[in-house]
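Could you build the full structure based on these sequences and the hints that come with them?
If you want the building blocks of each chain, they are given just below.
2 protein chains.
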Amino acid sequence: MAKEKLVKEITSMDEDFAKWYTDVVLKAELIDYASVKGCMIIRPYGWAIWENIQKILDAMFKETGHENVSMPMFIPESLLQKEKDHVEGFAPEVAWVTHGGAEKLEEKLCVRPTSETLFCDHYKNIIHSWRDLPKLYNQWCSVVRWEKTTRPFLRSREFHWQEGHTIHATAEEAQVETIGMLNVYAEFAEKYLAMPVIKGVKTEKERFAGAVDTYTIEAMMHDGKALQSGTSHFFGDGFAKAFGIQFTDKDNKQATPFQTSWGVSTRLIGAIIMTHGDDNGLVLPPAVAPVQLVVIPIASHKEGVTEKATEVYERLKKVCRAKIDNSDNSPGWKFAEYEMKGVPLRLELGPRDIENNQCVLVRRDNGEKTVVSLDELEAKVPEMLEAVRDGLYNKALANRSEKTYVATSMEEMIDVADNKPGFIKAMWCEDRACEEALKEKAGVSSRCMPFEQEQLSDKCICCGKPAKKMVYWGKAY
Amino acid sequence: MAKEKLVKEITSMDEDFAKWYTDVVLKAELIDYASVKGCMIIRPYGWAIWENIQKILDAMFKETGHENVSMPMFIPESLLQKEKDHVEGFAPEVAWVTHGGAEKLEEKLCVRPTSETLFCDHYKNIIHSWRDLPKLYNQWCSVVRWEKTTRPFLRSREFHWQEGHTIHATAEEAQVETIGMLNVYAEFAEKYLAMPVIKGVKTEKERFAGAVDTYTIEAMMHDGKALQSGTSHFFGDGFAKAFGIQFTDKDNKQATPFQTSWGVSTRLIGAIIMTHGDDNGLVLPPAVAPVQLVVIPIASHKEGVTEKATEVYERLKKVCRAKIDNSDNSPGWKFAEYEMKGVPLRLELGPRDIENNQCVLVRRDNGEKTVVSLDELEAKVPEMLEAVRDGLYNKALANRSEKTYVATSMEEMIDVADNKPGFIKAMWCEDRACEEALKEKAGVSSRCMPFEQEQLSDKCICCGKPAKKMVYWGKAY
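As given, the protein sequences belong to chains P and R, one line each in that order.
So the first sequence is numbered by numbering that gives the first Met the number 0: it starts at 0 and just counts up by one.
So the second sequence is numbered by numbering that gives the first Met the number 0: it starts at 0 and just counts up by one.
In short, the hints are calculated from the structure, not lab data.
Quick caveat: nothing in here was measured; it's all calculated off a predicted structure.
Some clues are possibly wrong.
[To be verified] Calculated cross-link-like contacts (lysine-lysine; reagent style DSSO-like; alpha-carbon spacing at most 30 Å):
1. Lys103/R <-> Lys103/P
2. Lys83/R <-> Lys103/P
3. Lys252/P <-> Lys36/R
4. Lys18/P <-> Lys123/R
5. Lys36/R <-> Lys134/P
6. Lys240/P <-> Lys204/P
7. Lys103/R <-> Lys316/P
8. Lys249/R <-> Lys333/P
[Stated by the list, open to error] If you want the ones that stay clear, here's a sample from chain R, every Cβ over 12 Å from chain P, calculated:
9. Glu146
10. Gln357
11. Ser400
12. Phe450
Heads up, the beta-carbon is just placed ideally off N, CA and C, and yes, glycines get one too.
See the structure below:
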């Protein structure tokens, strides 16, 4: 009954997905609202997920030769303005610091919305010769964008992220880096977050302000909407020229370097929630779950149960992030609580189990119960965590496959967009007017031109002229 | 010669300590100046030191039951103003955000100078019953204080730190926490940074804005000046009352909780530099050194040297943070470079060494060379890293002992303060007027009332009235 009560507090996904989402982030204690509108407090359980994401990604960055640095959080107005497209894209949504103490600043400072300009300013100081290249830098920090409409993790005025900024002697090397980091993101999303993604390149309209090309990984949420989950930008030499960064090449000539940037943010936590969550709450991929397994003693007033459960917990602590709940809440309440919190595995242990030298492992992703001998726990638990990951991945992939449609005419596009939430594959002439028409008539935006192209027809779905690219269209967070 | 050239670029410590410091932070590539005055770019080598500090401290915090969270970076003006002493202390030095995009904000926001007010606002939401207590929270972030005079790491407008904020049912429990975290800081400073510290309590004048008691660890720099290296504050129930935080206690009555906060910052990197550095540059304590040992092949053009050096490097990578320098720079240049960067151990390996199945290990702290059999490396290197830590600690302790004086009269105080940089122990009546007189006449401030009190005399050095406390006085960064 306790379980029912707790779960009833969550709105059902099918009833109201947006409300379900808000219920989950609050009731799983991921966030609390802050006094500043559009900002959030990330609570211990939410922050622990981000710490796990950071740990894995940071190791992947370091393995691929990147180093962490720390840039200031402020950008002088004049610095932000140096690259024309960039300032146009970001100036309308930055927070401005105008006073230090009681004094008005000579030049106002924006709180970084992203740090390209800061990195360029630094690169100009430290890069002189081809020997100084490449620089493969990254930073973990928070940035600020003064959004009108906000939602926890998905769009907030301050959010945490990492931003990689690299600079290279040649365009080719920078391009390899851009794609390389997109691949790191895709691998991370699929392997660790159990979240299938589509890799592709953004249309010009959806490109990052100042980029030559923006690459993206796009994921589909449970409700069929798209979530841009990571981007990697190739800048060509545009920023370097705007900032006057030059180096002496091997032939002793002055040359202009090429740059990239790439980032993922706490949005990924939103992606996890909306990809894997269900009506019982959060479902966490084991790799980033703060608690991977919770031990719940059954009938713990009976002799020996608490002791045996503690012994099992002590053993399992060594193979995964385990927790034991010895509180006086009922097992039913505990089941609901850890389901709500998305703990991948629950271990139940009662007097009869102890007699039989066994326990019951329950998977959060599908509720499957397995009786496991206590002697085999150290081997079985990692296997089952892996199985949960695979289960989540396959379920998400099935959801995406089911909700991916093809449209070969405008009528079809409008029909699908109106009635079937999901991705819509359709051919496009690469004309921005057609992209805008699709937004207006069908309410969809281009998600990406996937690396894996298909020839659905030879005509643009909108204007009928020769098609150049297959595009994924959809509604997005 | 290369070595000489490189080293000559650093000002000698005795000639100009401040300039020596600036030379070291720039030439060891710890920082670069940013376009915003008083802010700094922390470069990979500097940031890697901070990451090592974070890793060790974070584990110590978690072991003592603390959890990480993330608060927003902005504080609405009205929130900052809730605790009277606190706002008085911080308002004059905060950066104010007044505009979001083109729009003027209804209420201006300060960029957090510290986050007591944000934590209180959150605690008010989440604490209802004694079951919700204690909350033992910490966050790693950067904060902003609009200082007039700035120096890299020591005092900058933005700096990185951790801030612990805890809330408890009783004053006693909060006091135990306050002292407990001071002890964590002291242990960290002494064991990992090889930096002896004096633990004590601040005078009322030097207390944190809003605190009942501020505890501190004070370190002595090479030049005899003091550096406040970490503080831990007991707030009593002042903040809780100002913010209306209440809970239902075990007797079902409304009660007010008690709070603490505690922090250390990137100042610690300044402390490391000025405690251990010498005329050849940085000297890093092994626990936080990004590179603990560098392998330098000698006469690497000779057959087999590079191969053997690489083999040694591959072995040592498993026992410490090792690096090999196979570049075409001369060994002399490399020696100077890694001395400048403070790498604790250098391993030299040449053809003759290889013949004898040995290498030479050189300690950065004292230049001592030890011939070590290649068979014993895995055992010897950790031992020698430990020896470097001990060497650094003992040297710093000797410096502090040598530069700690006793004054029993005002004349003595003024004489020592004028002529002998260091700590001065003297008795005090606890009257603020005397503390201010000492500042005016001798130019010293109270560093702390140490836990280890001594009875130097029974009279206040300033007014001659009965003394209540022995105080460490000095000039401080």
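Hints versus structure:
no., hint, in the structure
1, Lys103/R <-> Lys103/P, "holds, 15 Å"
2, Lys83/R <-> Lys103/P, "holds, 24 Å"
3, Lys252/P <-> Lys36/R, "violated, 33 Å"
4, Lys18/P <-> Lys123/R, "holds, 24 Å"
5, Lys36/R <-> Lys134/P, "holds, 24 Å"
6, Lys240/P <-> Lys204/P, "holds, 23 Å"
7, Lys103/R <-> Lys316/P, "violated, 52 Å"
8, Lys249/R <-> Lys333/P, "holds, 23 Å"
9, Glu146, "violated, 9 Å"
10, Gln357, "holds, 33 Å"
11, Ser400, "holds, 36 Å"
12, Phe450, "holds, 32 Å"
The earlier numbered hints that this structure contradicts are 3, 7, 9.
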